[in-house]
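A.B. asks: Model the full structure from these sequences, guided by the hints.
There are 2 protein chains.
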Amino acid sequence: QMPRGNLETVHHRALVLAQLRQWLDDLRFREAFECMRKLRINLNLIYDHNPKVFLENIKTFITQLNSINYINLFLTELREEDTTSSMYPHPQSSLVQPLPVSAQKKVDVVCDALRSAMESMDPNKFCLSILTAHVKKTVPELDIALQKVHELRESPPTAPGAVSAEEALKYLLFLVNVNDLYEHSLGTYDFDLVLMVAEKSQKDPKEYLPFLKMLKSLEPNYQHYTIDKHLKRYRKALHHLSKCGKEHFPEALKLVKEQNLYSEALHLYTANSAEYKALSCAYAEHLIQQQQAEQAGLLLWRCGEPISALQAFASSSSWRNAICVAQQIPLPPDHLALLARDLAGKLTEQRRYSEAALLLDQYAKDCEEAILALITGAFWEEALRLIYLHNRQDITETNLKPALTEAVGTQTVFLEAQVATFARHRARLAVVREQKQKARLDMLDEDDPDCPDAEFYSEASSVMTGSKYSHSNSRISSRSSKNRRKAERKKISLKEGSPMEDRALMYAMGEIITTVDKMREEVHSLLKALVLFQFDKQAEKLQLAYDDALRVMEAAVPEVWPVNLQIVCFQHQFFFSDAEVLTPPKMRNGVKWKLTILK
Amino acid sequence: QMPRGNLETVHHRALVLAQLRQWLDDLRFREAFECMRKLRINLNLIYDHNPKVFLENIKTFITQLNSINYINLFLTELREEDTTSSMYPHPQSSLVQPLPVSAQKKVDVVCDALRSAMESMDPNKFCLSILTAHVKKTVPELDIALQKVHELRESPPTAPGAVSAEEALKYLLFLVNVNDLYEHSLGTYDFDLVLMVAEKSQKDPKEYLPFLKMLKSLEPNYQHYTIDKHLKRYRKALHHLSKCGKEHFPEALKLVKEQNLYSEALHLYTANSAEYKALSCAYAEHLIQQQQAEQAGLLLWRCGEPISALQAFASSSSWRNAICVAQQIPLPPDHLALLARDLAGKLTEQRRYSEAALLLDQYAKDCEEAILALITGAFWEEALRLIYLHNRQDITETNLKPALTEAVGTQTVFLEAQVATFARHRARLAVVREQKQKARLDMLDEDDPDCPDAEFYSEASSVMTGSKYSHSNSRISSRSSKNRRKAERKKISLKEGSPMEDRALMYAMGEIITTVDKMREEVHSLLKALVLFQFDKQAEKLQLAYDDALRVMEAAVPEVWPVNLQIVCFQHQFFFSDAEVLTPPKMRNGVKWKLTILK
Numbered sequence: 381q382m383p384r385g386n387l388e389t390v391h392h393r394a395l396v397l398a399q400l401r402q403w404l405d406d407l408r409f410r411e412a413f414e415c416m417r418k419l420r421i422n423l424n425l426i427y428d429h430n431p432k433v434f435l436e437n438i439k440t441f442i443t444q445l446n447s448i449n450y451i452n453l454f455l456t457e458l459r460e461e462d463t464t465s466s467m468y469p470h471p472q473s474s475l476v477q478p479l480p481v482s483a484q485k486k487v488d489v490v491c492d493a494l495r496s497a498m499e500s501m502d503p504n505k506f507c508l509s510i511l512t513a514h515v516k517k518t519v520p521e522l523d524i525a526l527q528k529v530h531e532l533r534e535s536p537p538t539a540p541g542a543v544s545a546e547e548a549l550k551y552l553l554f555l556v557n558v559n560d561l562y563e564h565s566l567g568t569y570d571f572d573l574v575l576m577v578a579e580k581s582q583k584d585p586k587e588y589l590p591f592l593k594m595l596k597s598l599e600p601n602y603q604h605y606t607i608d609k610h611l612k613r614y615r616k617a618l619h620h621l622s623k624c625g626k627e628h629f630p631e632a633l634k635l636v637k638e639q640n641l642y643s644e645a646l647h648l649y650t651a652n653s654a655e656y657k658a659l660s661c662a663y664a665e666h667l668i669q670q671q672q673a674e675q676a677g678l679l680l681w682r683c684g685e686p687i688s689a690l691q692a693f694a695s696s697s698s699w700r701n702a703i704c705v706a707q708q709i710p711l712p713p714d715h716l717a718l719l720a721r722d723l724a725g726k727l728t729e730q731r732r733y734s735e736a737a738l739l740l741d742q743y744a745k746d747c748e749e750a751i752l753a754l755i756t757g758a759f760w761e762e763a764l765r766l767i768y769l770h771n772r773q774d775i776t777e778t779n780l781k782p783a784l785t786e787a788v789g790t791q792t793v794f795l796e797a798q799v800a801t802f803a804r805h806r807a808r809l810a811v812v813r814e815q816k817q818k819a820r821l822d823m824l825d826e827d828d829p830d831c832p833d834a835e836f837y838s839e840a841s842s843v844m845t846g847s848k849y850s851h852s853n854s855r856i857s858s859r860s861s862k863n864r865r866k867a868e869r870k871k872i873s874l875k876e877g878s879p880m881e882d883r884a885l886m887y888a889m890g891e892i893i894t895t896v897d898k899m900r901e902e903v904h905s906l907l908k909a910l911v912l913f914q915f916d917k918q919a920e921k922l923q924l925a926y927d928d929a930l931r932v933m934e935a936a937v938p939e940v941w942p943v944n945l946q947i948v949c950f951q952h953q954f955f956f957s958d959a960e961v962l963t964p965p966k967m968r969n970g971v972k973w974k975l976t977i978l979k
Numbered sequence: 381q382m383p384r385g386n387l388e389t390v391h392h393r394a395l396v397l398a399q400l401r402q403w404l405d406d407l408r409f410r411e412a413f414e415c416m417r418k419l420r421i422n423l424n425l426i427y428d429h430n431p432k433v434f435l436e437n438i439k440t441f442i443t444q445l446n447s448i449n450y451i452n453l454f455l456t457e458l459r460e461e462d463t464t465s466s467m468y469p470h471p472q473s474s475l476v477q478p479l480p481v482s483a484q485k486k487v488d489v490v491c492d493a494l495r496s497a498m499e500s501m502d503p504n505k506f507c508l509s510i511l512t513a514h515v516k517k518t519v520p521e522l523d524i525a526l527q528k529v530h531e532l533r534e535s536p537p538t539a540p541g542a543v544s545a546e547e548a549l550k551y552l553l554f555l556v557n558v559n560d561l562y563e564h565s566l567g568t569y570d571f572d573l574v575l576m577v578a579e580k581s582q583k584d585p586k587e588y589l590p591f592l593k594m595l596k597s598l599e600p601n602y603q604h605y606t607i608d609k610h611l612k613r614y615r616k617a618l619h620h621l622s623k624c625g626k627e628h629f630p631e632a633l634k635l636v637k638e639q640n641l642y643s644e645a646l647h648l649y650t651a652n653s654a655e656y657k658a659l660s661c662a663y664a665e666h667l668i669q670q671q672q673a674e675q676a677g678l679l680l681w682r683c684g685e686p687i688s689a690l691q692a693f694a695s696s697s698s699w700r701n702a703i704c705v706a707q708q709i710p711l712p713p714d715h716l717a718l719l720a721r722d723l724a725g726k727l728t729e730q731r732r733y734s735e736a737a738l739l740l741d742q743y744a745k746d747c748e749e750a751i752l753a754l755i756t757g758a759f760w761e762e763a764l765r766l767i768y769l770h771n772r773q774d775i776t777e778t779n780l781k782p783a784l785t786e787a788v789g790t791q792t793v794f795l796e797a798q799v800a801t802f803a804r805h806r807a808r809l810a811v812v813r814e815q816k817q818k819a820r821l822d823m824l825d826e827d828d829p830d831c832p833d834a835e836f837y838s839e840a841s842s843v844m845t846g847s848k849y850s851h852s853n854s855r856i857s858s859r860s861s862k863n864r865r866k867a868e869r870k871k872i873s874l875k876e877g878s879p880m881e882d883r884a885l886m887y888a889m890g891e892i893i894t895t896v897d898k899m900r901e902e903v904h905s906l907l908k909a910l911v912l913f914q915f916d917k918q919a920e921k922l923q924l925a926y927d928d929a930l931r932v933m934e935a936a937v938p939e940v941w942p943v944n945l946q947i948v949c950f951q952h953q954f955f956f957s958d959a960e961v962l963t964p965p966k967m968r969n970g971v972k973w974k975l976t977i978l979k
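Residue numbers (this note's numbering), protein chains in the order written: chain A, 381 to 979; chain B, 381 to 979.
In short, the hints are calculated from the structure, not lab data.
Please read these numbers as outputs of a predicted model, since none were measured by experiment.
Errors might be hidden in some of the hints.
Copies of one chain are not kept apart here, so a pair can be met inside one copy or by any two copies together.
[To be verified] In silico BS3-like cross-links for lysine-lysine, where the CA-CA straight-line distance does not exceed 25 Å:
hint, residue 1, residue 2
1, Lys972, Lys898
2, Lys979, Lys657
3, Lys439, Lys486
4, Lys908, Lys726
5, Lys637, Lys917
6, Lys550, Lys583
7, Lys626, Lys609
8, Lys816, Lys586
9, Lys580, Lys917
10, Lys979, Lys898
11, Lys637, Lys979
12, Lys781, Lys657
13, Lys966, Lys898
14, Lys616, Lys921
15, Lys637, Lys908
16, Lys616, Lys517
17, Lys550, Lys517
18, Lys583, Lys596
C.D. replies: Have a look at this one:
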């Protein structure tokens with residue numbers, strides 16, 4: 381509702397904004413400012429309208445306004461938001477040079493620019509505005525502001541009309557919460573300043589005077605530490621405490637543990653000191669709890685705690701380090717063998733068979749177990765190497781050859797299953813796509829038949845529905861993006877008739893292709909081993925099966941991932957997970973695996 | 381020009397085609413056929429118009445035509461081309477069910493369908509058409525046609541009007557070149573048939589009779605071999621020759637070498653025979669020439685030629701096999717050590733330091749060289765393992781630590797250079813894109829300003845120009861696609877002002893990102909080694925530098941590879957090389973490399 385009987389103050393906003401823009405372009409800041417103040421237009425526009433021009437003419441702005449209050453008003457109203465994109469959009473025709481994107485925030489840029497301009501023009505006259513510029517930064521520079529007040533008291537300015545320390549402090553107290561200011565004054569470790577603020581505040585001297593007296597009585601480093609800790613500036617506190625001598629180290633260690641300041645602490649003590657060792661041990665304990673046992677082991681080893689280091693390395697399967705530490709201790713040979721066997725067991729569980737074999741062979745001195753591990757891991761050549769190294773050709777007959785024929789069987793069955801599933805998915809995808817196409821045609825019959833985008837949309841219809849669905853859902857939930865993606869994947873189901881069945885099929889087929897493509901190296905080495913032991917027929921069968929599988933899959937790619945589907949994907953800026961589904965998997969045709977000698 | 385004074389024969393083609401389609405839809409093949417013959421319309425249309433319907437009504441077609449000549453005409457005119465997409469496109473309204481895409485060729489499908497229909501209806505009556513159907517297949521079945529003629533002579537049909545063997549042969553000679561027919565008759569190993577063809581041909585009996593007589597005198601396997609070789613059917617020839625006994629083996633080996641039939645030959649002899657060994661050796665020699673020395677080694681080893689196998693393995697850096705063979709021979713220890721050292725040298729050249737170290741350590745018994753190889757290859761943990769294994773902690777001070785500090789320096793400098801180049805490319809890309817945008821605006825001012833696609837096209841203008849250019853060029857050259865892509869890449873130059881400079885910049889930036897991203901594992905292991913030896917400051921510097929590099933590059937991806945550029949790429953179905961340039965490189969953020977203990 382319009383204010384009644386006051387029609388002369390009603391202005392058409394578009395006209396006003398046009399006038400303001402004209403003034404700002406003409407650098408007539410005063411007119412613009414007064415008009416905006418009167419009509420309650422957000423003052424940020426003065427900067428936002430053309431940041432580059434404003435920053436280049438900041439002194440003109442200050443001179444024209446010529447008022448501490450006006451400048452303070454402007455500073456106080458600064459917000460991070462860009463009013464030309466939110467409240468007062470530029471008319472389309474205008475061309476404003478954008479500032480290069482900077483890492484600095486707008487408020488900080490304007491505060492710093494105004495402050496340095498005022499400091500160079502007349503620091504006394506603009507004193508209060510300079511203080512405002514410090515205080516209004518996104519991280520208020522209260523320390524600096526307080527320091528300036530302190531300077532005013534130490535050497536009062538002689539210029540006529542200059543602001544006194546008292547006035548400045550009063551003004552600061554008007555801008556900032558008195559408790560914040562008191563705390564920050566403490567943080568300058570300048571007790572005069574603290575007293576000054578405390579006196580101006582409503583605080584009870586009976587409360588703060590004893591505290592300040594106590595602080596004054598402390599050794600300077602410990603005093604600073606006490607203040608920093610009081611202000612929750614724990615890094616600084618630790619830094620000061622570390623200079624307080626050995627008797628305060630337990631207190632420092634406690635602080636480090638409470639505040640998780642291990643890394644910082646290690647920098648504050650020399651590497652050979654007892655404190656460094658104690659810190660390293662504490663840190664290692666913490667890292668082990670954080671599942672970072674390997675790094676814990678490194679800290680323990682280098683600070684001379686090999687036994688703990690060994691435990692840390694062993695628990696994180698960092699077996700090379702574990703073995704080194706064990707030999708440095710040195711562990712007796714039988715213990716070393718046990719350790720190696722233990723580590724090998726863990727590595728076997730993680731399917732790291734070649735590393736397990738090295739441990740068994742070289743440290744547990746059990747070449748038979750080593751060879752069996754290599755055979756299990758399908759490291760045929762390396763198994764053969766150990767067989768000849770230890771002259772155990774008997775294992776070739778008892779284990780290696782049977783394992784080879786078993787492997788060729790397993791691989792063939794696996795390939796057949798993959799190819800069958802792939803073919804089933806491919807056929808089903810064709811059916812699903814045809815159904816969707818039909819549904820679209822039915823819909824189009826009722827609709828505008830000439831809609832040029834219809835084809836695009838239909839092709840990706842399920843993709844789009846799916847994305848919208850998961851999108852709205854992801855907003856509600858606050859889970860991590862990884863969890864969200866997992867959840868999305870669950871939603872796309874291979875069940876027949878599921879709304880996103882085509883996406884599910886494409887995803888499944890992509891996975892199959894990647895799996896089968898990854899087998900190149902393994903198949904190659906298996907083929908060589910088969911040929912060596914004269915299993916030519918099995919090798920030929922496998923080579924044929926694998927070649928067929930790769931060819932079938934490569935040939936299906938243009939059908940399963942047609943180009944126009946990818947366009948839709950990019951046009952609608954799908955989420956990462958969609959792009960993943962809609963991009964055809966890459967096949968590593970550069971990896972040669974076939975044997976010429978097999979037909 | 382119209383034929384003069386003969387206006388009644390001028391037909392409007394669209395009307396004629398409409399009539400033909402109607403007839404074909406109504407299964408009135410006879411009318412359609414005669415009309416087409418008269419107006420010289422390609423007979424393929426009878427099938428192409430609706431393949432499914434034609435195949436389902438093939439007997440109706442034969443019955444209606446009721447003429448051997450007509451059927452032969454139709455068969456003779458069959459071409460692989462689809463006339464409904466080349467000469468006589470379907471009117472847009474029609475809906476023809478497409479046949480499921482089949483691997484078989486159209487000509488073969490029609491020939492086989494017609495032939496089996498005629499055989500079931502009346503093989504005697506349709507005899508000549510059946511022969512035509514055999515001969516007209518994409519790979520003419522001359523043997524079968526000849527066999528049928530032979531049968532006609534053996535048991536002349538009694539039916540009235542049946543074709544005699546003589547007539548059939550005459551007809552075949554009219555369809556097929558007489559020499560082809562003669563050769564194929566030889567290939568049936570049926571001398572009666574050969575004589576029959578020879579008699580009908582213009583061949584001189586003085587020429588062919590002695591040849592046939594000579595063949596007849598041979599042992600059957602050797603006779604078949606001689607015929608197959610004469611007909612250049614070398615596989616069959618080898619197969620027959622292999623049954624001719626040991627005395628013919630030299631001839632077989634010669635054939636194998638000449639025709640490169642090694643794989644086939646190995647299947648024809650038992651694995652333990654002298655022939656098998658001789659073939660294996662010959663094959664190995666051939667494979668070595670083809671740069672397939674490893675496979676040659678496998679063949680030699682398994683047939684009991686370890687010395688040659690060792691050479692083959694050594695020359696292909698197949699070191700595990702080489703060592704195994706050497707131990708099987710067995711090579712004396714000092715020779716084995718020399719071999720290991722030699723192999724290690726080759727592997728070092730190929731930057732395969734860890735394998736070289738294994739050889740040096742376990743076979744050359746030179747742990748110091750092994751450790752140095754590992755240090756050179758930046759395998760810090762493995763180097764340390766050997767240091768402790770052989771109690772050579774002195775190398776830690778003399779080599780390992782200096783190498784670590786050198787590595788951190790190299791890596792930091794390398795990263796700085798990559799980041800600097802990346803930043804330079806990024807800035808330049810912005811300039812180039814702005815210039816292209818400006819050029820587009822200038823062009824649009826003269827043009828239709830509302831062109832909705834303009835933005836798309838401009839963004840990718842250089843990409844498109846580039847592709848067209850390289851496309852036209854690639855047609856001219858007949859080089860392999862790999863070479864072509866290399867050549868294309870050369871054409872896109874980083875030189876300022878080059879027409880495809882933006883593409884070149886994107887390509888270069890993609891390469892930098894991939895290179896830097898690949899360093900994750902290496903940096904991680906270097907950081908751990910640095911921490912272990914208390915080089916925390918250097919480690920922190922490297923971690924910071926690498927983290928910055930990764931962050932800068934990840935942040936630049938959306939700017940360098942904007943989504944709308946990818947759309948254009950897919951809309952215009954660019955070549956692989958373009959898609960490669962326009963797809964942002966993937967960063968492996970899943971590979972964790974940072975150390976918590978470094979700040």
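A.B. asks: Each of the hints needs a verdict: does it hold here or not?
C.D. replies: Against the structure, the hints come out as follows:
1. For the identical chains of this complex, Lys972 and Lys898 are neighbours both inside a copy (12 Å) and across copies (22 Å), given an alpha-carbon limit of 25 Å.
2. Proximity of Lys979 to Lys657 under the C-alpha cut-off of 25 Å is restricted to the inter-copy arrangement: shortest distance 19 Å between copies versus 66 Å within a copy.
3. Taking CA atoms no more than 25 Å apart as the test, Lys439 paired with Lys486 passes inside one copy only; the shortest distance there is 18 Å, against 85 Å between copies.
4. Taking the shortest alpha-carbon separations for Lys908 and Lys726, only the inter-copy value of 22 Å comes in at or below 25 Å, while the best intra-copy value is 30 Å.
5. In this assembly of identical chains, Lys637 and Lys917 lie within 25 Å of each other by CA distance solely across copies; the values are 23 Å between and 66 Å within a copy.
6. With identical chains, the CA atoms of Lys550 and Lys583 are at most 25 Å apart within one copy only, with a shortest distance of 15 Å there and 127 Å across copies.
7. For the identical chains of this complex, Lys626 and Lys609 are intra-copy neighbours only, at 19 Å inside a copy versus 98 Å across copies, given an alpha-carbon limit of 25 Å.
8. Neither within a single protomer nor between protomers do Lys816 and Lys586 lie at most 25 Å apart by alpha-carbon distance, with minima of 81 Å and 73 Å respectively.
9. In this homomeric assembly, Lys580 and Lys917 never come within 25 Å of each other (Cα to Cα): the closest approach is 97 Å inside a single copy and 47 Å across copies.
10. For the homomeric pair Lys979 and Lys898, the shortest alpha-carbon distance inside one copy (22 Å) is at most 25 Å, but the shortest distance between copies (37 Å) is not.
11. With identical chains, the CA atoms of Lys637 and Lys979 are at most 25 Å apart between copies only, with a shortest distance of 17 Å across copies and 67 Å within one.
12. In this homomeric assembly, Lys781 and Lys657 come within 25 Å of each other (Cα to Cα) only across copies, at 22 Å, whereas the closest approach inside a single copy is 54 Å.
13. In this homomeric assembly, Lys966 and Lys898 come within 25 Å of each other (Cα to Cα) both inside a single copy, at 11 Å, and across copies, at 18 Å.
14. For the homomeric pair Lys616 and Lys921, the shortest alpha-carbon distance between copies (22 Å) is at most 25 Å, but the shortest distance inside one copy (71 Å) is not.
15. Taking the shortest Cα distances, Lys637 and Lys908 sit within 25 Å of each other only across copies (23 Å), while inside one copy they are farther apart (57 Å).
16. For a Cα distance limit of 25 Å, the shortest separation of Lys616 from Lys517 inside one copy, 22 Å, qualifies, whereas the shortest one across copies, 91 Å, does not.
17. Taking the shortest alpha-carbon separations for Lys550 and Lys517, only the intra-copy value of 19 Å comes in at or below 25 Å, while the best inter-copy value is 105 Å.
18. In this homomeric assembly, Lys583 and Lys596 come within 25 Å of each other (Cα to Cα) only inside a single copy, at 19 Å, whereas the closest approach across copies is 129 Å.
Hints 8, 9 from the earlier list are contradicted by this structure; the remaining hints agree with it.
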